[in-house]
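Just so you know, the protein sequences line up as chains A and B, in that order. Here our numbering is used: the first residue of the first sequence is 1, the next is one more, and so on. Here our numbering is used: the first residue of the second sequence is 1, the next is one more, and so on.
Some hints here could point you the wrong way.
With a Cα cut of at most 30 Å, we get these calculated DSS-like pairs of lysine-lysine [claimed, not checked]:
| no. | chain 1 | residue 1 | chain 2 | residue 2 |
| --- | --- | --- | --- | --- |
| 1 | A | K93 | B | K235 |
| 2 | B | K215 | A | K179 |
| 3 | A | K179 | B | K115 |
| 4 | A | K61 | B | K52 |
| 5 | A | K5 | B | K3 |
| 6 | A | K61 | B | K175 |
| 7 | A | K61 | B | K3 |
| 8 | A | K183 | B | K91 |
| 9 | A | K240 | B | K67 |
| 10 | B | K91 | A | K76 |
| 11 | B | K159 | A | K232 |
| 12 | A | K54 | A | K93 |
| 13 | A | K85 | B | K235 |
| 14 | B | K54 | A | K54 |
| 15 | B | K232 | A | K54 |
| 16 | B | K175 | A | K75 |
For the record, the hints were derived by calculation from the structure and aren't laboratory data.
If you want the building blocks of each chain, they are given just below.
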Amino acid sequence: MKKGKNVMVVTISIVCFLLMMIVFMQFKVAKQTQETDIDTMQETELRQQLANWKTKYEETKEKTQEISNTLETYKKETSSDAKTKETLETELKTLEQALGKTDVEGEGLIISLREKKESELEENEYTTQIYANDLINIVNTLKDAGAEAISINDERIISTTDIVMVGDVDEEFNTLTIKINSKFIRTNEYEIKAIGNSSYLENSVFGKGGYITQIDGIVATAKKSNKVRINKYNGEIETKYIEEVN
Amino acid sequence: MNKKREIIILTIMCFVLSIAIAVQFRTVHYNGTTIGSSQSESNLKAQVLKMKEKYEDEYKLLEELTKELENVRQNVAGRNGELKELEDKIKKDNLLLGNTNVKGQGVTITLNDGKPDLNLFLEDKDVLIHDFNVLLVVNELRNAGAEAISINDERVVNKTAISCDGNVIVVNGEKIGTPIIVSAIGSSARLTALDRPGGTLENIFRISGKIAELKKSNNVEIPKYTGVYSYKYAKTIE
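Extracted from the complex, chain B is given alone in its bound form (with noise of 0.2 Å):
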């Protein structure tokens, strides 16, 4: 009976060792995968440091043709007034599209977040800042006739999007921290209508614990758009 009962236990416990030691083995196969991981990765690095630079290089090349043709542009087409005139349309497209940078009138609002008050039920999600947030603080800024948008030094441009990648703001694929200070160009008196009571910086952001403040300017500088346009789908046509 007692030779049964030794039995017993003896096979139960082997029964447990054995699993502890299959689990141990996937375990170890798992992390064999993280020193083959970490290998790739600083290799990964160093392509994505390559690619940065060739990129860089690349992108000061366009800029300095950019102003060749600029010249060379301005140059044909001082011959007669038709060409003066399509060479016009070009320079004004080009500021149309957010080519160049632009001054002038306008005003900036900072975007902060704020903190949590649980006295006036404000969590931590009602007082961040949200993509969508910002997104809808660029609509209202349109709305109001802004010319050219900035978010910290990124140009809205018509193929802009603003998402988000975990808790950062992403504008234009580069990623936006706190506080975001976004620029607009046009009459300070209609974009300062943002910051009126029950106006949107109240809407999206003051009722909800977040920060924003608006500051009229008579010299907004916005920066050019760093990307480029380039179409594979869509073809004009007549």
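With the rest of the complex left out, here is chain A (with noise of 0.2 Å):
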């Protein structure tokens, strides 16, 4: 009786010690494991960072191989003004398409936005305008997911537009009106197209934590496509202050 007692204390020691043993193995492992987390991090950032360089390693060379090839194209017409010319011409061609003045056209995203109507609310949800601030933010993140064009109601965005709002904010709201590219949108319904790889387009507007799923009252929807058609820029891009140093 005495003797099993004994043994009974003996071996509650034992696997106490051997308890506490793992505890302390435990807590050290588990700080390894959080230094594990901030390098899983860096590998991604890492391998985020090696896709980056590549892509613009590879831009760039395409555009090195089109620029030699014009270069060659002059050097041959050196007798021929009409070839020149053409030549210059389809140069002129690519830089107008950069500049938003040409039509365009490619696989892409619609997305059309209006305010919810009072009976389509959900609760704890308001009427709201869409503002500026939300076409700002939209067209960022389209140019983020690498839209090659993009158009609001038909007004091509370009390297000088401005989207503001003009009117009193503190009246009644329907006295605010959007401008894009000075020029006034009569309207709260819009259209936003944008050219580039449609998925990526939808899920950076869309997807999880995309700026749709942060404002309440607006009734926002997406079509993908393959043929989105997006007009020219119309005006003149006009410059008074730029001069060019070399």
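Taking the hints as your guide, dock the two standalone chains into a single complex.
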């Protein structure tokens, strides 16, 4: 009987000792595991960076090739003014597309935005207005997702495009009007078109944490299409102050 | 009775022990992947550096060829007036696209994080400069007629997105730290309007404890865009 009790005390002591050791080990490993998280993060970041540089390299290489070809053409056509003219026009066309001065077509996304009617409101939702800031954010998100051309209600987004609200903010909402490219958009329904990878574009705006999920009181729908057509910018882009330096 | 208790206690102990050991095994297994990933990580780092170098070499080549193309184009366009006109248009478009370094009158705006002030109910998140704050400044500068804009020497062009990656702001895919310096060329009188009482800088920045300072200048210099314009999806149609 006494022997049995002794054995039990010894056994329990040993078990307690082992348990304590395991707990300590556990602590140490847990600390290391936290560091592991940072390590994985760094790896993701590295992969992202690698992809970034690779895209930049490939784009640059493509451009280098394009310029080499153009150079070659100019050098060959020393006698023919007509051919030189053609090459100059081709170069100009490429630049005008980048500026937004040509009509373009391609795969992309069409987003429709409108304000909810009172009858459509869900609990804790209020009637709201689509603000200039909403459009600015969506356009920026689309650019981030690689949009190659964007328009809002057929107003082409170019490098000088501003989106602002005109009117007195303190008065009734309907006195506020959005202006894009200094032109009034006299409607509160918007159609944003973007050309690019349609899945990337859709996910950037409608996906988890996307801008659309952050705003209430607005009905937003997206339609992917293989043939989105975006009209050119109709104005002239004037410069008065910038001067080239070498 | 005592023996039964002994057995129960020992059973519980054994159970706890085996769970602990199982957990231990799983964690060790997890650690095993770390060792693997740190190896592939140094490999990745080398790859990143190599790719960056490849890009830089290619970019240097691109700059040289662009220069050569300009000279050759100028030469061939000198042959007649019609060609010269086209060459002038190409030059103008390149200027508008941000493909050249430019200077002119304008403003520089310095943006910086403020200090939290609990008396004014300003917390960390209020006084930090966010990506959308910078986005709005760019929009307002365009509204005031800016012809060229840069953020910490990254030229803002049509396809430039301003986003964030954790705590830093990303422009043209490059990380930008504070202080953020937004430069703009245009009528300095019009651009200065951002600084008026109740204006953009007050509304977006100062009112929430952030720091924003605007300086007029007769000689703002803005570097060219270092990316390239390339199109995979959009095709020009007649």
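Which of the numbered hints are not met once you compare them with the structure shown? 3, 7 and 16
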